[in-house]
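J.: Residue numbers (my numbering), protein chains in the order written: chain Z, 484 to 1045; chain P, 484 to 1045.
None of these hints come from the bench; they were simulated from the model. Ideal Cβ placement from N, Cα and C applies to all residues, glycine included. Some clues are possibly wrong.
Some but not every residue of chain Z turned toward chain P, in silico, with C-beta under 8 Å [claimed, not checked]: (1) R735; (2) G798; (3) A912; (4) L970; (5) A992; (6) T995; (7) H1000; (8) Y1010; (9) D1011; (10) P1015; (11) A1025; (12) G1042.
There are 2 protein chains.
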Amino acid sequence: VNGRRRKHWGWGFEDQQPAIEQLREAAGPLAAHLGPLLGSRDGDRFGLGEVEGPVALEAVALTPPRIEVPPALAEICASDPHTRARHALGSSYADVVSGFRGHFAHPPDFVAKPRHEADLEALVEWCSGQRVAAIPYGGGTSVVGGVTPDVDPARYNGAVSIDMSGLDRVLEVDSVSRAALIQAGATGPGLESQLREHGLTLRHFPQSFEFSTLGGWIATRAAGHFATGPTHIEDFVESVRAITPTGPWESRRLPGSGAGISPDRVLAGSEGILGVITRAWVRVQPRPPHRAAASVRFARFEDGVDCVRALSQSGLQPANCRLIDPLEARMTMAGDGSCALLLLGFESTDRPVADLLDRALEICAEHRSAPDDRVVAGARSGARAGGRGASQAAGDEAVSSWRGAFLGAPYLRDAMVAMGVLSETFETAITWDRFTALHERVTGAVRDAIDAQARPEARGAGFVTCRFTHVYSDGPAPYFTVVAPALRGEEVEQWRAIKRAAADAVIAAGATITHHHAVGRDHRPWYDQQRPEQFARMLHGAKAALDPSRIMNPGVLIGPTT
Amino acid sequence: VNGRRRKHWGWGFEDQQPAIEQLREAAGPLAAHLGPLLGSRDGDRFGLGEVEGPVALEAVALTPPRIEVPPALAEICASDPHTRARHALGSSYADVVSGFRGHFAHPPDFVAKPRHEADLEALVEWCSGQRVAAIPYGGGTSVVGGVTPDVDPARYNGAVSIDMSGLDRVLEVDSVSRAALIQAGATGPGLESQLREHGLTLRHFPQSFEFSTLGGWIATRAAGHFATGPTHIEDFVESVRAITPTGPWESRRLPGSGAGISPDRVLAGSEGILGVITRAWVRVQPRPPHRAAASVRFARFEDGVDCVRALSQSGLQPANCRLIDPLEARMTMAGDGSCALLLLGFESTDRPVADLLDRALEICAEHRSAPDDRVVAGARSGARAGGRGASQAAGDEAVSSWRGAFLGAPYLRDAMVAMGVLSETFETAITWDRFTALHERVTGAVRDAIDAQARPEARGAGFVTCRFTHVYSDGPAPYFTVVAPALRGEEVEQWRAIKRAAADAVIAAGATITHHHAVGRDHRPWYDQQRPEQFARMLHGAKAALDPSRIMNPGVLIGPTT
Chain Z
484 VNGRRRKHWG WGFEDQQPAI EQLREAAGPL AAHLGPLLGS RDGDRFGLGE VEGPVALEAV
544 ALTPPRIEVP PALAEICASD PHTRARHALG SSYADVVSGF RGHFAHPPDF VAKPRHEADL
604 EALVEWCSGQ RVAAIPYGGG TSVVGGVTPD VDPARYNGAV SIDMSGLDRV LEVDSVSRAA
664 LIQAGATGPG LESQLREHGL TLRHFPQSFE FSTLGGWIAT RAAGHFATGP THIEDFVESV
724 RAITPTGPWE SRRLPGSGAG ISPDRVLAGS EGILGVITRA WVRVQPRPPH RAAASVRFAR
784 FEDGVDCVRA LSQSGLQPAN CRLIDPLEAR MTMAGDGSCA LLLLGFESTD RPVADLLDRA
844 LEICAEHRSA PDDRVVAGAR SGARAGGRGA SQAAGDEAVS SWRGAFLGAP YLRDAMVAMG
904 VLSETFETAI TWDRFTALHE RVTGAVRDAI DAQARPEARG AGFVTCRFTH VYSDGPAPYF
964 TVVAPALRGE EVEQWRAIKR AAADAVIAAG ATITHHHAVG RDHRPWYDQQ RPEQFARMLH
1024 GAKAALDPSR IMNPGVLIGP TT
Chain P
484 VNGRRRKHWG WGFEDQQPAI EQLREAAGPL AAHLGPLLGS RDGDRFGLGE VEGPVALEAV
544 ALTPPRIEVP PALAEICASD PHTRARHALG SSYADVVSGF RGHFAHPPDF VAKPRHEADL
604 EALVEWCSGQ RVAAIPYGGG TSVVGGVTPD VDPARYNGAV SIDMSGLDRV LEVDSVSRAA
664 LIQAGATGPG LESQLREHGL TLRHFPQSFE FSTLGGWIAT RAAGHFATGP THIEDFVESV
724 RAITPTGPWE SRRLPGSGAG ISPDRVLAGS EGILGVITRA WVRVQPRPPH RAAASVRFAR
784 FEDGVDCVRA LSQSGLQPAN CRLIDPLEAR MTMAGDGSCA LLLLGFESTD RPVADLLDRA
844 LEICAEHRSA PDDRVVAGAR SGARAGGRGA SQAAGDEAVS SWRGAFLGAP YLRDAMVAMG
904 VLSETFETAI TWDRFTALHE RVTGAVRDAI DAQARPEARG AGFVTCRFTH VYSDGPAPYF
964 TVVAPALRGE EVEQWRAIKR AAADAVIAAG ATITHHHAVG RDHRPWYDQQ RPEQFARMLH
1024 GAKAALDPSR IMNPGVLIGP TT
């Protein structure tokens, strides 16, 4: 990994950047796949397949730094163009397309990479004294503007991005209690490879897993890919340590406590405005050897929704319970578009789970109403069950096809940007009684917004898909994907209009502006409508006490004044 | 219930107060049971069985109110002696013995009972303007001084207890999403009887269930009697509404959200210092028809501990997983004192759970090392399983004996006060790797403290028992019970010395000062050592923003200044 640099725009490392020729080669099949989906029209009409290249870093003109690196911190600071560009944007569609086109509107003046907490404390103290904004940066995977150093020049003399990648170690493992003390800058693969030496795993797999960090997960209340049970990072946290501008904050390491408001639950979701998380004790576990999975087709999405509601209220707690609507199944090549797909999975460290899957499939059978509905594949495996079941070779295809798409999505999006396809995702949560109304409202509003933006020949050419990423007994977390021909050169404005329509609809339907993508800067206008007014008042008071100079990630969660 | 008054001291209603003759009759057997436990000596030596009566309310001299009821609020306010005495104390041993002896050091000047939020808003506004402390009061079951109007006379002109019992309705039920909107003053039995009409239940059963309220549960992060899985009230909460001195606070009703810090998790555990919780949407469920239970004996407590650790890490999620040490088993008549007892139970709304119990018993078998270890009884029931198993009549005895003791404990304690037995309980949580050291340290410190207080003839006569009330994959929540001959007339000082020794040991061992009893006023000195300093700073800022006159439950959680 040493010396390997991230792309200055988009996902992955520089050496993973496909040459434009390779992109052109891949664009044909992708255009052929997407074209018919985009209103069943010929993709060529929207220019799909015409691949552009990103603006090279050498051609990017960054605004010069407004402040000098303080000599005492010179060793940990960098202000070369790659470092500044890399830390200027997160990973939303707008960020990726901006980087692709060489637009880095708000680069940090410099990037600091603390080697230990003393570095961090010195940095934060310097920022407080100089009125320089301090922006914590984990993997830069925010899709809500959470790491963008876009701060009010009237209030701040500059902005520093605090890159936590130097603090990436698993410091301690307690195998008896199954917990580990891990530094905040550890990425998903980084901490998993260190835990593997102890036969343990955190099993927290957000889509950003490859680059996002423990500290970022806690600061944004990240959700892993398990549909039920412990899947939110805060469910795994025993204690958190953070550096605030007024001093360190560290909670006791405890399996549970009822002593006042949970300090950990205050740092969880604080998105860097109270301090920088430096490490946490988290619950870990052995890798579960027992698994069983199947996928079920529903001709009607609504039947799938009712079925998932029944499953969520059954107490079966499937690890995977993803309902994917017909269009999304087709888009991800997990289905042909005629049916909704339910991916079901169970796992256990202790015992075979085939009986749980069988019971879940019974519930599914009660909710199938069309002749097309059926179990596509069931797969079982497990040490105790005596190896892989006979059906596995044939089965599991839909599941693995979908999983590949899930993890590859950020890479695919870069390619789509290059070939002129807008792709945006947003997610929410709502109680079951209001889901149908939300779904209609949101998909309708987004389709209208796509068309309102579209060039005449592209009207009706975008689409919106929906899946459930997480389900609770009282409601689902629906995740929406928007794909449309991009207005080349005007993608950010186009994205903004679609985003606005989606967010307005989500808020009007009574749902949350985000289930696990966080608030950042992009969701602020809607978050401000959602959170209790008195809560914002409380948060201002809390921030004023911990960060009197208001240097910590300004603009995120709350404004400069009450 | 109308017109039925609570006892002015202790647990239950006035009509449940046993006559002194009845107490004398009961005292004999109780003394005979406890005597041998108290150092295997004759109970008579400590005066056990010599029953005193409580000081009658008519003989109690309360300090006169320092403030007048404001005319605008006269309709909802009362200041008669019963009402003031009833709201002067909570339900700790010190509270009960104080009330028994007619000592009500800090009665509220008056008690207000809001009929609706407008009453509450007017009251809080008046308190803010008059610098009168406002003490939220649910069922008065705090065992940590959380409802005691003990406020600094230099800072406050008086104190009002806000009795929430008038707001006790289930306002709305959403059967589709399985959730209900319930007013904060609803007690356990009150809300359960209203939910029963809809075939639903909250299934939150803290020991204080009979009198404690939804608002009190949320404000103190109460834990129900289920050992694993959702058992903390905050796990059931969809949204909370509260009245703060600067305005109402209401979160969106959502099954999950990642939008910033959870507002509900800030009110949970706020113990009335930010505002008064008025209602909440909570998750409910049908009554689970499928159950299976068994009890297992372990000759060595340590084997039981190891077994429970394995169970907690198995993912089996038993509803009941209470390990009771030999002495506690004997004290509660669930065992003969030769063995530790593990009460195991599973339940499901969806399917039979006998297989889960079988698997749990396999794990138990792996941890039995002494010939005395065995499964005492297994009981199964369930609609699908075809009724009650053959073993049930014989079995379940230990379980039901223990459960009776659990729910009857507060009544029993009143009797013990009358007969001169001190009984104190405290609880904590710690990771598995540190449990043994904690257990040794705490039991040793408490035994020493009992002896240091005891009259010479009673040295060695007290005892400390331990059970696990809740277990997590990373550690247990041990619950300790202390029983000792009371120093009659000096019980509060005696209690305070024991409490101090226990709390010092808990904190020194790295555990939490409370797992589910809250902080209140009594735990403050140790809580102050436990919570992060920066968290306290944050909380001061938060409180200053919401409650600038600092009238809300002063003295709880934080001091008057940073």
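J.: Taking the hints in turn, state whether each one holds.
T.: Evaluated hints:
1. Annotation: interface hint on Z:R735 holds; nearest CB of chain P at approximately 6 Å, less than 8 Å.
2. The interface hint given for Z:G798 holds, since its Cβ lies 5 Å from the closest Cβ of chain P, which is under the 8 Å cut-off.
3. Look at Z:A912: its Cβ gets to within about 5 Å of chain P, closer than 8 Å, so that hint holds up.
4. Of the supplied interface hints, the one on Z:L970 is violated, with its beta-carbon coming no nearer than about 30 Å to a beta-carbon of chain P, more than 8 Å.
5. Restraint check, Z:A992 versus chain P: the minimum CB separation of about 11 Å is more than 8 Å; hint violated.
6. Annotation: Z:T995 was flagged as interfacial toward chain P, and the flag holds, the nearest CB pair being 4 Å apart, inside 8 Å.
7. With 8 Å as the threshold, the beta carbon of Z:H1000 comes within range of chain P, its nearest partner Cβ sitting at about 7 Å, so the hint holds.
8. Satisfaction of the interface hint for Z:Y1010 is found here, the shortest Cβ-Cβ separation to chain P being roughly 6 Å, below the 8 Å cut-off.
9. With a least beta-carbon distance of about 10 Å to chain P, the hint placing Z:D1011 at the interface is violated under the 8 Å criterion.
10. For the restraint placing Z:P1015 at the interface with chain P, the shortest Cβ-Cβ distance is roughly 5 Å, inside the 8 Å limit, so the hint holds.
11. The beta carbon of Z:A1025 comes within 5 Å of a beta carbon in chain P, closer than 8 Å, and the hint placing it at the interface holds.
12. At a threshold of 8 Å, the smallest CB-CB gap from Z:G1042 to chain P is about 13 Å, leaving the interface hint violated.
Hints 4, 5, 9 and 12 from the list above are not met by this structure, while the remaining hints are.
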